[in-house]
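Number of protein chains: 2
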Amino acid sequence: MRRINLAEFQFAIFTSILILFGSASGLFAQTSGKTPKQPEISDFRLENGLQVVVIPDHRAPVVTHMVWYKAGSADERIGKSGIAHYLEHLMFKGTSNVPAGEFSAKISEIGGQENAFTTTDYTAYYQKIIPSALEMVMTYEADRMENLTLTDETVLPERDVILEERSQRIGSNPSAILGETARAMLFKHHPYGRPIIGWEHEMLALTKDDAIAFYDKFYTPNNAILVVAGDVTREIVAKLAKATYGKVKRRAEPGERNRVQEPEPIAAKYAEYFDKRVTSPSWRRTYLVPSYNSAEGNDAEALDILAVVLGGASTSRINQKIILGDKNATAAGSYYQGGAHDMSTFALYGVPRGDVSLEVLEDAIESVIADLIKNGVSQSEVDRARSRLIKTTIYDRDSQTTMARIYGAVLAMGGKIADITTWPDRIAKVTAADVERVAGKYLKKSRSVTSYLRPEVTN
Amino acid sequence: MRRINLAEFQFAIFTSILILFGSASGLFAQTSGKTPKQPEISDFRLENGLQVVVIPDHRAPVVTHMVWYKAGSADERIGKSGIAHYLEHLMFKGTSNVPAGEFSAKISEIGGQENAFTTTDYTAYYQKIIPSALEMVMTYEADRMENLTLTDETVLPERDVILEERSQRIGSNPSAILGETARAMLFKHHPYGRPIIGWEHEMLALTKDDAIAFYDKFYTPNNAILVVAGDVTREIVAKLAKATYGKVKRRAEPGERNRVQEPEPIAAKYAEYFDKRVTSPSWRRTYLVPSYNSAEGNDAEALDILAVVLGGASTSRINQKIILGDKNATAAGSYYQGGAHDMSTFALYGVPRGDVSLEVLEDAIESVIADLIKNGVSQSEVDRARSRLIKTTIYDRDSQTTMARIYGAVLAMGGKIADITTWPDRIAKVTAADVERVAGKYLKKSRSVTSYLRPEVTN
Chain H
1 MRRINLAEFQ FAIFTSILIL FGSASGLFAQ TSGKTPKQPE ISDFRLENGL QVVVIPDHRA
61 PVVTHMVWYK AGSADERIGK SGIAHYLEHL MFKGTSNVPA GEFSAKISEI GGQENAFTTT
121 DYTAYYQKII PSALEMVMTY EADRMENLTL TDETVLPERD VILEERSQRI GSNPSAILGE
181 TARAMLFKHH PYGRPIIGWE HEMLALTKDD AIAFYDKFYT PNNAILVVAG DVTREIVAKL
241 AKATYGKVKR RAEPGERNRV QEPEPIAAKY AEYFDKRVTS PSWRRTYLVP SYNSAEGNDA
301 EALDILAVVL GGASTSRINQ KIILGDKNAT AAGSYYQGGA HDMSTFALYG VPRGDVSLEV
361 LEDAIESVIA DLIKNGVSQS EVDRARSRLI KTTIYDRDSQ TTMARIYGAV LAMGGKIADI
421 TTWPDRIAKV TAADVERVAG KYLKKSRSVT SYLRPEVTN
Chain D
1 MRRINLAEFQ FAIFTSILIL FGSASGLFAQ TSGKTPKQPE ISDFRLENGL QVVVIPDHRA
61 PVVTHMVWYK AGSADERIGK SGIAHYLEHL MFKGTSNVPA GEFSAKISEI GGQENAFTTT
121 DYTAYYQKII PSALEMVMTY EADRMENLTL TDETVLPERD VILEERSQRI GSNPSAILGE
181 TARAMLFKHH PYGRPIIGWE HEMLALTKDD AIAFYDKFYT PNNAILVVAG DVTREIVAKL
241 AKATYGKVKR RAEPGERNRV QEPEPIAAKY AEYFDKRVTS PSWRRTYLVP SYNSAEGNDA
301 EALDILAVVL GGASTSRINQ KIILGDKNAT AAGSYYQGGA HDMSTFALYG VPRGDVSLEV
361 LEDAIESVIA DLIKNGVSQS EVDRARSRLI KTTIYDRDSQ TTMARIYGAV LAMGGKIADI
421 TTWPDRIAKV TAADVERVAG KYLKKSRSVT SYLRPEVTN
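Line order of the protein sequences matches chains H and D.
Sequence positions in the first sequence follow the working numbering and run 1 to 459.
Sequence positions in the second sequence follow the working numbering and run 1 to 459.
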């Protein structure tokens, strides 16, 4: 089964910002633009605690059905890294009522699509189907919320699958190898420092019991969010949800997330990795910053604007100065990962042009940052960035899956629906002074990890 | 109460190597030298699982009594950093039978000394007393092995004490501040990455219940080692131990330590910290290496020799080349921390002379390492290092406390008495090829964290 690439999703450049937060502006724009008015998004809870979000979209006879569990790699027990993602795989191995493969076969029969993904904060399962199949899908999905059955015969071969997945995603990718170390250095205490897919030596020891323990602790309706987008009504979803998910018992009380917190960073950290598979060296710096969910005031909104002003568009400073001006880089930019329950990251990156060294490129990027902090940003830059964020996100409304995903992700990370609907207003209020403030507050080397990826020197 | 400085103990330069492992050679030397033959060291277990070690030493009417718990900061629950050390303080707050302060007062009355210390792997309590007081001390120590009573009135003020201790040891010491980050980078997954004294934000939240939970889990005779050294016999210790500790019930079954293990390091890591209190900059590099307890073959013994050859004596390469030769440093050297249950560290350090930059000093030290790896070491260097290790440690036998400490520490970290008694033989067998092998195997930048401590630049 094709699954969304974890690394891409977590560390995606720019796109993921929009995926997670940008689309709210799309929805907002619709209500005042020329496009048809969007029906009301509604949410409610079943008696067992399951949160339900309905996003009507009647443009085509398609429904996106997603179930989100507020359980990701950062919720794993220490020493059991990878179990959240392993369980995601095992959720396709059948239940006490349904043999392995039957659910997927049914979706395939009706020409539907399905997928699943695991991040630090949540695990989600989704299907894109014809509306008449919604009850069938809900029945199967509700069934595997409480009746998963695992045997060593299905579990052990799947462990080889996730190990192979690790090998492909991390082991064969020098940038991902270094990224894993850099992330562990940035989050030296918080569980975000662990790779989502797991440390290999711990994955090798994961068992059926580990998967069941994680399932029993977190896969319960009161820790889940059902998002249905598409050609449905609130009434239909409510009726079907009650008839299917409504029967699932609360199996546990995971409560609020209460992870260990990262101490304030004090030292600039650097990591250098040589790999003979590296064809062009690259440079990256990630700063420890708040996420939308953990930020004070409008720091998160200002970081989103800052990322565009600095290096998120062709008119951005890094692009103008470093790619087009001094021609020190073939690619360079910045991005902010606003979506996380706890702390998050703001990144700068660059790939030097020709023989330009990583050090020259680093100096060039640092001088752009220093200039911004010292001399500030103009209101026109802020306006341009805001406009860009909003314009780009208008396109998101065309994907009902993207919309379902925004809602599911924000809620699963501890946010509220209002965080999505008020986002454009909040972005609109970001001032140049806000951008300058967060640049000075967070873009300090003492909060960062700088990574140097280099071709291995062979003698 | 004066307590042994945690940082000094854990990261002591050279001395601690000898404290933990060197003294065995002192004992060894005695049996063939001119000094009186040392009586047999014996060990046995009480029925409740308490391991007892007796080290007779009749030169003076003094006894050292130590109780070691196989529980240190690396055994803490995630999020409860500092609880091992906090509990060490709270062990002086009285029991259901004894008011706070009474035990200490009794020791003081007879002119005795007492102390306690916490490391990553163990917590120990000791008293140095006249032989006739042994039964009294054992009675009190056995009592607080099972009857500790804590109230908020005693526990909360002591939390302020440990916070103040952190502030003094770490907060007021730029080198310790940076050391804390560097250690977290070296052990990015293993709990050795946590500071022994705790992360401040977690210390602030520690409670009486956290202390009791740690006590109930680990403070049980089957997880403890009693070491009595001095003017006693095995018979007396056995009789008194049975009458006192023998009555303490097994309260838990902590079992073997099973901590998460560190992934193989792949990237060279660096940390740079600026602090206006820094008067002279300094440089340090620590490598992730095995400890005596976790090493394969004779890697640990060879690392001990390597540390001396490289920079553990005035005739060592770093000293000759960098301090005396090029005069790049006022202090520089290397040391190996052999004592740990799991992985450990091998360190290089230097303080530049005058205006020499950290980079020049780093290059100089790196070239010494590179030369050693490329061109090897001579047998005479190895012989000199071995001789130095053994000579220095001969002095340890003069301290019965040091001897008690060696035995307690090695046993508490998972070793056996034979590991101490066979140490000189094992050191004697280290060859130049062994030293070259471990240098090439472990002194790789990809296994290291390099720290740069610099005065803050003020504008």
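FYI, nobody ran anything at the bench for these hints, they're computed from the structure.
From the three backbone atoms N, C-alpha and C, an ideal C-beta is built for every residue, glycine too.
Honestly, I wouldn't trust all of these hints.
With beta-carbon atoms standing in for the labels, derived distance ranges [said to hold, decoys possible]:
{"hint": "1", "chain 1": "H", "residue 1": "Gln379", "chain 2": "D", "residue 2": "Lys276", "range": "48 to 56 Å"}
{"hint": "2", "chain 1": "D", "residue 1": "Glu253", "chain 2": "H", "residue 2": "Asp152", "range": "27 to 35 Å"}
{"hint": "3", "chain 1": "H", "residue 1": "Gln379", "chain 2": "D", "residue 2": "Lys374", "range": "57 to 65 Å"}
{"hint": "4", "chain 1": "D", "residue 1": "Glu359", "chain 2": "H", "residue 2": "Arg426", "range": "42 to 50 Å"}
{"hint": "5", "chain 1": "H", "residue 1": "Arg45", "chain 2": "D", "residue 2": "Lys276", "range": "50 to 58 Å"}
{"hint": "6", "chain 1": "D", "residue 1": "Leu324", "chain 2": "H", "residue 2": "Ser280", "range": "58 to 66 Å"}
{"hint": "7", "chain 1": "D", "residue 1": "Arg257", "chain 2": "H", "residue 2": "Gln379", "range": "53 to 61 Å"}
{"hint": "8", "chain 1": "D", "residue 1": "Lys374", "chain 2": "H", "residue 2": "Ile373", "range": "16 to 24 Å"}
{"hint": "9", "chain 1": "D", "residue 1": "Leu324", "chain 2": "H", "residue 2": "Asp160", "range": "52 to 60 Å"}
{"hint": "10", "chain 1": "H", "residue 1": "Ser280", "chain 2": "D", "residue 2": "Lys276", "range": "37 to 45 Å"}
{"hint": "11", "chain 1": "H", "residue 1": "Arg77", "chain 2": "D", "residue 2": "Glu102", "range": "39 to 47 Å"}
{"hint": "12", "chain 1": "D", "residue 1": "Glu456", "chain 2": "H", "residue 2": "Arg77", "range": "34 to 42 Å"}
Simulated pairs of lysine to aspartate or glutamate, DMTMM-like, Cα-Cα distance not exceeding 20 Å [stated by the list, open to error]:
{"hint": "13", "chain 1": "H", "residue 1": "Lys441", "chain 2": "D", "residue 2": "Glu456"}
{"hint": "14", "chain 1": "H", "residue 1": "Lys374", "chain 2": "D", "residue 2": "Glu456"}
{"hint": "15", "chain 1": "H", "residue 1": "Lys441", "chain 2": "D", "residue 2": "Asp275"}
{"hint": "16", "chain 1": "H", "residue 1": "Lys441", "chain 2": "D", "residue 2": "Glu272"}
{"hint": "17", "chain 1": "H", "residue 1": "Lys429", "chain 2": "H", "residue 2": "Asp383"}
{"hint": "18", "chain 1": "D", "residue 1": "Lys327", "chain 2": "D", "residue 2": "Glu296"}
{"hint": "19", "chain 1": "D", "residue 1": "Lys445", "chain 2": "H", "residue 2": "Asp275"}
{"hint": "20", "chain 1": "D", "residue 1": "Lys441", "chain 2": "H", "residue 2": "Asp275"}
{"hint": "21", "chain 1": "D", "residue 1": "Lys242", "chain 2": "D", "residue 2": "Asp231"}
{"hint": "22", "chain 1": "D", "residue 1": "Lys374", "chain 2": "H", "residue 2": "Asp398"}
{"hint": "23", "chain 1": "D", "residue 1": "Lys276", "chain 2": "H", "residue 2": "Glu264"}
{"hint": "24", "chain 1": "H", "residue 1": "Lys445", "chain 2": "D", "residue 2": "Glu359"}
{"hint": "25", "chain 1": "D", "residue 1": "Lys444", "chain 2": "H", "residue 2": "Glu264"}
{"hint": "26", "chain 1": "H", "residue 1": "Lys445", "chain 2": "D", "residue 2": "Glu456"}
{"hint": "27", "chain 1": "H", "residue 1": "Lys444", "chain 2": "D", "residue 2": "Glu362"}
{"hint": "28", "chain 1": "H", "residue 1": "Lys445", "chain 2": "D", "residue 2": "Glu272"}
{"hint": "29", "chain 1": "D", "residue 1": "Lys444", "chain 2": "H", "residue 2": "Glu272"}
{"hint": "30", "chain 1": "H", "residue 1": "Lys93", "chain 2": "H", "residue 2": "Glu158"}
{"hint": "31", "chain 1": "D", "residue 1": "Lys445", "chain 2": "H", "residue 2": "Glu135"}
{"hint": "32", "chain 1": "D", "residue 1": "Lys444", "chain 2": "H", "residue 2": "Asp383"}
{"hint": "33", "chain 1": "H", "residue 1": "Lys445", "chain 2": "D", "residue 2": "Asp275"}
{"hint": "34", "chain 1": "H", "residue 1": "Lys444", "chain 2": "D", "residue 2": "Glu456"}
{"hint": "35", "chain 1": "H", "residue 1": "Lys444", "chain 2": "D", "residue 2": "Asp355"}
{"hint": "36", "chain 1": "H", "residue 1": "Lys106", "chain 2": "H", "residue 2": "Glu47"}
{"hint": "37", "chain 1": "H", "residue 1": "Lys276", "chain 2": "D", "residue 2": "Glu264"}
{"hint": "38", "chain 1": "D", "residue 1": "Lys374", "chain 2": "D", "residue 2": "Glu362"}
{"hint": "39", "chain 1": "D", "residue 1": "Lys441", "chain 2": "H", "residue 2": "Glu456"}
{"hint": "40", "chain 1": "H", "residue 1": "Lys327", "chain 2": "H", "residue 2": "Asp275"}
Evaluated hints:
Between glutamine 379 of chain H and lysine 276 of chain D the beta carbons are some 36 Å apart, a value that contradicts the proposed interval 48 to 56 Å. For glutamate 253 of chain D paired with aspartate 152 of chain H, a C-beta distance near 28 Å keeps the hint of 27 to 35 Å intact. Checked against the given bound of 57 to 65 Å, the beta carbons of glutamine 379 of chain H and lysine 374 of chain D, roughly 60 Å apart, stay inside it. Taking the beta carbon of each, glutamate 359 of chain D and arginine 426 of chain H are about 45 Å apart, inside 42 to 50 Å as hinted.
Restraint check, arginine 45 of chain H to lysine 276 of chain D: a C-beta distance of roughly 54 Å satisfies the suggested window 50 to 58 Å. Checked against the hint of 58 to 66 Å, the C-beta distance between leucine 324 of chain D and serine 280 of chain H comes to roughly 44 Å, which is inconsistent with it. For the hinted restraint 53 to 61 Å between arginine 257 of chain D and glutamine 379 of chain H, the CB-CB distance of approximately 59 Å keeps it satisfied. The hinted range of 16 to 24 Å is not satisfied by lysine 374 of chain D and isoleucine 373 of chain H, whose Cβ atoms lie roughly 45 Å apart.
Hint check: leucine 324 of chain D to aspartate 160 of chain H, Cβ distance near 57 Å, so the stated range 52 to 60 Å holds. Take serine 280 of chain H and lysine 276 of chain D: their Cβ atoms lie about 40 Å apart, and the range 37 to 45 Å holds. Checked against the given bound of 39 to 47 Å, the beta carbons of arginine 77 of chain H and glutamate 102 of chain D, roughly 41 Å apart, stay inside it. The hint said 34 to 42 Å for the Cβ distance between glutamate 456 of chain D and arginine 77 of chain H, and at roughly 40 Å that hint holds.
Restraint check for lysine 441 of chain H and glutamate 456 of chain D: satisfied, since their Cα atoms lie roughly 18 Å apart, inside the 20 Å limit. Between lysine 374 of chain H and glutamate 456 of chain D, the direct Cα distance comes to roughly 19 Å. Compliance with the 20 Å bound is thereby established for this hinted pair. A C-alpha spacing of about 18 Å is found between lysine 441 of chain H and aspartate 275 of chain D, which places the hinted pair at or below 20 Å, so the restraint holds. For the hint linking lysine 441 of chain H to glutamate 272 of chain D, the alpha-carbon distance of about 19 Å falls within 20 Å, and the restraint holds.
Distance hint between lysine 429 of chain H and aspartate 383 of chain H is fulfilled; the C-alpha atoms sit about 10 Å from each other, no more than 20 Å. For the hint linking lysine 327 of chain D to glutamate 296 of chain D, the alpha-carbon distance of about 37 Å lies beyond 20 Å, and the restraint is violated. The suggested pairing of lysine 445 of chain D with aspartate 275 of chain H holds, with an alpha-carbon distance near 14 Å, which does not exceed 20 Å. Between the alpha carbons of lysine 441 of chain D and aspartate 275 of chain H the distance comes to roughly 18 Å, so the proposed pair stays at or under 20 Å and holds.
Proximity of lysine 242 of chain D to aspartate 231 of chain D is assessed by CA-CA distance (about 19 Å); at most 20 Å being required, the pair is judged to hold. Of the pairs offered as hints, the one joining lysine 374 of chain D and aspartate 398 of chain H is violated, with about 63 Å between alpha carbons and a cut-off of 20 Å exceeded. A threshold of 20 Å between alpha carbons decides the hint, and for lysine 276 of chain D with glutamate 264 of chain H the separation of about 18 Å falls inside it, so the pair holds. Our distance criterion of 20 Å between C-alpha atoms is met by lysine 445 of chain H and glutamate 359 of chain D, whose separation comes to about 19 Å.
About 29 Å separates the Cα atoms of lysine 444 of chain D and glutamate 264 of chain H, which puts this hinted pair outside 20 Å; it is violated. For the hint pairing lysine 445 of chain H with glutamate 456 of chain D, the CA-to-CA distance comes to about 13 Å; that is within 20 Å, so the pair holds. Using a Cα cut-off of 20 Å, the hinted pair lysine 444 of chain H and glutamate 362 of chain D is violated, with the two alpha carbons roughly 25 Å apart. The straight-line distance between the Cα atoms of lysine 445 of chain H and glutamate 272 of chain D is roughly 9 Å, inside the 20 Å bound, and the hint therefore holds.
For the hint linking lysine 444 of chain D to glutamate 272 of chain H, the alpha-carbon distance of about 12 Å falls within 20 Å, and the restraint holds. A distance of roughly 9 Å separates the Cα atoms of lysine 93 of chain H and glutamate 158 of chain H; the hinted pair therefore holds under the 20 Å criterion. Using a Cα cut-off of 20 Å, the hinted pair lysine 445 of chain D and glutamate 135 of chain H is violated, with the two alpha carbons roughly 58 Å apart. Between lysine 444 of chain D and aspartate 383 of chain H the CA atoms are separated by roughly 49 Å; this puts the pair beyond 20 Å, and the hint is violated.
Proximity of lysine 445 of chain H to aspartate 275 of chain D is assessed by CA-CA distance (about 14 Å); at most 20 Å being required, the pair is judged to hold. With a C-alpha separation of about 14 Å, the suggested pairing of lysine 444 of chain H with glutamate 456 of chain D holds against the 20 Å cut-off. For the suggested pair lysine 444 of chain H and aspartate 355 of chain D, the alpha carbons sit about 27 Å apart, so the restraint of at most 20 Å is broken. For the suggested pair lysine 106 of chain H and glutamate 47 of chain H, the alpha carbons sit about 29 Å apart, so the restraint of at most 20 Å is broken.
The straight-line distance between the Cα atoms of lysine 276 of chain H and glutamate 264 of chain D is roughly 18 Å, inside the 20 Å bound, and the hint therefore holds. For a cut-off of 20 Å, the pair hint linking lysine 374 of chain D to glutamate 362 of chain D stands: about 18 Å separates their Cα positions. About 18 Å separates the Cα atoms of lysine 441 of chain D and glutamate 456 of chain H, which keeps this hinted pair within 20 Å; it holds. A hinted pair counts as satisfied when its Cα atoms are at most 20 Å apart, and lysine 327 of chain H with aspartate 275 of chain H does not qualify at roughly 25 Å.
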